[in-house]
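Student: Starting from the given sequences, assemble the full structure and let the hints guide the process.
Number of protein chains: 2
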Amino acid sequence: MEVRLASSRGFCFGVEDAVQIDEEAVHERGPGRVVALGPIIHNPQMVEKLEREGLDQTGELGAIDPADQAVLIRSHGARPETYEQARARGLAVVDATCVLVKRAQEAVQRLYEEGYHVVMIGDPNHPEVRGVIGYAPNVTVIDEGCDLEAALPYRERLGIVAQTTHSPEHVAQMIARILVRPYKEVKIINTLCLEVTRRQEAALALCDEVDVMFVLGGMKSANTRELVRLCRQKGMTTYHLETWDQFEPRMVENKSVAGLTAGASTPEWIISDFARRLETI
Amino acid sequence: MEVRLASSRGFCFGVEDAVQIDEEAVHERGPGRVVALGPIIHNPQMVEKLEREGLDQTGELGAIDPADQAVLIRSHGARPETYEQARARGLAVVDATCVLVKRAQEAVQRLYEEGYHVVMIGDPNHPEVRGVIGYAPNVTVIDEGCDLEAALPYRERLGIVAQTTHSPEHVAQMIARILVRPYKEVKIINTLCLEVTRRQEAALALCDEVDVMFVLGGMKSANTRELVRLCRQKGMTTYHLETWDQFEPRMVENKSVAGLTAGASTPEWIISDFARRLETI
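Chains as they are written, first to last, in our numbering: chain A, 37 to 317; chain B, 37 to 317.
Derived from the structure by calculation, the hints contain no laboratory data.
Among the hints, a few may not be true.
Since the list gives no way to pick out one identical chain from another, each pair is judged satisfied if it fits inside one copy or across any two copies.
Stated by the list, open to error - Result set (DMTMM-like, lysine to aspartate or glutamate): computed pairs, CA atoms no more than 20 Å apart in a straight line: (1) K220 <-> E142; (2) K291 <-> D247; (3) K256 <-> E304; (4) K220 <-> E149; (5) K138 <-> E52; (6) K220 <-> E150; (7) K270 <-> E59; (8) K291 <-> E245; (9) K85 <-> D309; (10) K220 <-> E231; (11) K270 <-> E205; (12) K138 <-> E221; (13) K138 <-> E245; (14) K220 <-> E205; (15) K138 <-> E150; (16) K220 <-> E87.
Tutor: What follows is the structure in structure tokens.
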């Protein structure tokens, strides 16, 4: 069948940087001597590849040996306490935090210092969000299903940031819901990743040309899930898969053109492998 | 027929204050010696009453006699240049600007001083808006039909205020449209009048109980027109009238319960007169 690729897809510079920082550190220090506090990106295949190359991604700060090992902060970033604890234990820190996540962390700190009650639009269980909200006390995290009346203070000065991988439309609609309530002042720092936004726009544009969409990426990857959500919201039959292994022929029954895109942590080899195989069907 | 009044309606404290400031000034200085630069509120019947009591509302700054007359700034406020010109001509100034309009003027000035590109959501022809945007250079005024791509600067720090009489829903939706475009930062100062918001909520609540709505107020009154727009948006048959003189029996044909509300510059005697007559139908 015919396969069309989204014009913007896959690895963003934040993920590319994180992988490169990791590979350099492992090359320099040797296998097993760089320990990440969890998977450094949300793509199991890439995580496995890095693991094979010598990165330990199951670390806990207390178990890392300062004499022999360095701690790697993954692309999603970490709370300030993590850096402090690493420093207190005398650990070398390799920081692979995405520059845009760093910018969100700084925005939260600045808004708090300016006297705003800080609000983050995002998934409270996502590591990026758990890290970013560590940069100010009492940040309120809100997402789609949230009861804003109960969650937000009344007639306040609110400082708002969003999880970097959310879509501008989603953030705009969440803020519109905030603005119909009483407030004194709202200051929004744009923390959205333009690369993610471009992938979302490209995926939506591709929906107009195809009969079915495949979105490749980790099941926990927030930006991949947002791509899936947006395509489905547009009424497109959309499958979220990690690799070709999960493909089933019924998915393309009676379809002639398939669209293909991938989240920001999906390596190009997974995408091209999938495209090549789908074309032979 | 049965007539139900909106729980919140008519004169707001800004209009009450403006009328009182005028009446005191006319009492003190004498009829013809207080000159407003246009109708002091947007209600023709009230304007006429104040005219009869001795307020001149057809004034031009250059024609007022400093030896004998004072200039009255109406509830909608005025640009800083108006105050400067009055001072330069040695005129006494009686300031009846609504405190909330003053707050909007100060917000515009502060946002500009903080380095924001100032945006005002409002009707560019309304005297409040024409006055408020005088407090910073190059304020962009946007309203419903506006092409935001053309009107707003790209990836900027935007400081936003709104015409005091707009509804929170309208402002939230305009800002949502701004937020789906690229921007660095958006700071919103809430300049909405809570009394106007309460009248809007009361009118919408009343829509659920009645067969037809009457909204009393000047044809040029922005907050009255917003009440009409909101009720119609809810699917309610709604008439915007100034007084009982414009009532026609066909308006209540086959209707048994009428709702009645009024804009913030509509005096209570117009409302109660209308209610009394409608009840006898």
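Student: Now look at each hint and say whether the structure bears it out.
Tutor: Checked hints:
no., hint, in the structure
1, K220 <-> E142, "between (23 Å within a copy, 14 Å between copies)"
2, K291 <-> D247, "within (6 Å within a copy, 52 Å between copies)"
3, K256 <-> E304, "within (18 Å within a copy, 61 Å between copies)"
4, K220 <-> E149, "both (17 Å within a copy, 19 Å between copies)"
5, K138 <-> E52, "within (16 Å within a copy, 52 Å between copies)"
6, K220 <-> E150, "both (14 Å within a copy, 17 Å between copies)"
7, K270 <-> E59, "neither (39 Å within a copy, 60 Å between copies)"
8, K291 <-> E245, "within (12 Å within a copy, 52 Å between copies)"
9, K85 <-> D309, "within (16 Å within a copy, 82 Å between copies)"
10, K220 <-> E231, "between (33 Å within a copy, 15 Å between copies)"
11, K270 <-> E205, "within (13 Å within a copy, 25 Å between copies)"
12, K138 <-> E221, "between (25 Å within a copy, 16 Å between copies)"
13, K138 <-> E245, "neither (37 Å within a copy, 53 Å between copies)"
14, K220 <-> E205, "between (24 Å within a copy, 16 Å between copies)"
15, K138 <-> E150, "within (18 Å within a copy, 24 Å between copies)"
16, K220 <-> E87, "neither (50 Å within a copy, 38 Å between copies)"
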